[in-house]
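Spelled out, the chains give:
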Amino acid sequence: MQSISGMQNTVKKSILNSTIETAVHFLENDMNVKVLESIESKNIEIKEHFSAVNFSGKIDLTTLCLIDEELLKTIYKVFIPHSLSASETKEMLEEMPNEVINIIAGLSISKFPKPYDNLTMSPPSTISKEDMEKLLSGTAYISKEIQTEKGSLHCIIIG
Amino acid sequence: MLNIMIVDDSTIIRKTLQMKLEELGFTVVAQAKSGKEAVSLYGEVVPDLVTMDITMPIMNGIEALKLIKKSYKDAKIIMVTSHGEERLVMDAITHGAKGYILKPITEEKLSEAICRVYPECKTQ
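In order, the protein sequences belong to chains A and B.
Residue 67 in the numbering used here is what sits at position 67 of the first sequence, and the numbering runs on without skipping anything.
Residue 40 in the numbering used here is what sits at position 40 of the second sequence, and the numbering runs on without skipping anything.
I should point out that these hints are in silico values taken from the structure, not numbers from a laboratory.
Mixed in with the good hints there might be a few duds.
Computed cross-link-like contacts, DSS-like style, restricted to lysine-lysine with a CA-CA straight-line distance of at most 27 Å [as the list claims (entries may be wrong)]:
1. B:K20 <-> A:K150
2. A:K73 <-> B:K76
3. A:K129 <-> A:K13
4. B:K98 <-> A:K73
5. B:K70 <-> B:K98
6. A:K77 <-> B:K109
7. A:K42 <-> A:K129
8. A:K34 <-> B:K20
9. A:K12 <-> A:K134
10. B:K109 <-> A:K73
11. B:K70 <-> B:K33
12. A:K12 <-> A:K129
13. A:K47 <-> A:K58
14. B:K20 <-> A:K77
15. A:K13 <-> A:K90
16. B:K20 <-> A:K90
17. B:K33 <-> A:K90
18. B:K109 <-> A:K111
19. A:K111 <-> A:K58
20. B:K20 <-> B:K33
21. A:K12 <-> A:K114
22. A:K12 <-> A:K58
23. B:K76 <-> A:K111
24. B:K76 <-> A:K34
25. B:K76 <-> B:K98
26. A:K129 <-> A:K90
27. A:K34 <-> A:K58
28. A:K77 <-> B:K33
29. A:K42 <-> A:K73
Fair warning: this is a prediction, and the values are worked out from it, not measured in the lab.
Excised from the complex, chain B in its bound form (with noise of 0.2 Å):
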């Protein structure tokens, strides 16, 4: 059983992966509304995965997942966007990100990208 964290500005995004996350079987640690939040609360949880959105106010994905791979470089960080822009996710990548989903989620987009990250997720 996996221990994820969920990061986005939006509520109904953050309301959106928690119910799909725990249909797949995954439990949801603790939830952040911004970057800023994302790196303090990462150090309390160290969760097993996070899902981190790209564009938020305060500091945005990106710079949340540089912080939080300086200080754990063991993190696993899914970037979740609605981009099509390929240069913020290829920066996320280039920065050590595992993957990135793009939405809208749906469970099978999120099984996918975790699974990739943790290959034995699929006999949850």
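Isolated chain A (complex conformation) (with noise of 0.2 Å):
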């Protein structure tokens, strides 16, 4: 018999694929980018963009996605083709994280095992880079890396 601390590392691996698939699914289909690979890391390389989105319920759980420059850039422009004034851009372009894991992480819930397929999702919180490297240095996590063509986006379940 699986023990509970056995049982919630399972969930939150089945969580974390369930969002792997959705965030491939989504680069592939919604944004166009070709996806390379997708590898299990345990080294998180902080980049400049990520956001997080909190689920509660069942179980509480964060879930964190760091998002390269470049691949940022690519997901942005099939959102805005068309050219903005260079504030605008930029303040597109700092929101762009929010969305990007607002429609990854929305999406996925429905694919979480049963019975954790009915989490209530926050809105994705702007987290400052300082608060971020405590919450991975403090808790336990577990993290896939997708890479693509146009850089890579890292999903980890913290919780």
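Using the hints, put the two chains back together into the complex; each one sits in its own frame.
Right under this line is the structure:
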């Protein structure tokens, strides 16, 4: 019989896999970005662009996504194909990681294993780089990195 | 030509929706950043249709939908969501939403959802 922590780890792995599956579909089918591979990774390279959402309900956890600049700009171009002013573009790019995680995490909920497929998701939270580093150093996490032709997207389940 | 109000807390989604709706030939008459703002703006512009995000701070899209429908029974509201979670969408439909669009937003999804409410829009 599996222990509670063992069971929680199985659930978290399953949630991570659902998130990765959704992210790959989003990148390939909606953003036209070629995915090369997705790999488990224990080392997390802190990137400039990131966002997080919290899930609550039968299990409480945080999903954090870190995105390479080139990949973020590629996604942005699909959302906003027209030219905008420099200030508008900057504002939109800053907000882009929130929208990416909102879509990926939101769409992945229905793929979570039962009875965790009905969790409540918070709006994306803007956390500072320092807070993110604290979060990663103080709590257990599992992660996978999706490598694409435009850079990588790293998804981390914390909790 | 339909007059449409966009409700979403995300600047990038408001801009995306505005561009795609205008490319489809619709007029964006108002934009709101929260459910609360949407409720007060609705009476001023009385749009033909509203695209309403579900998850927003201050007042979420479902609460705003209920308040708008309470005062304007004929209001036509389409929910925009990233949630695969059926519970929220079903809640919105129960309270009078005319449909929903699952993010990421495309012109095809927008056109299909709007034309389901206004079949004549296919001719635009």
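Structure-inconsistent hints, enumerated in ascending order: 2, 4, 13, 15, 23, 24 and 27
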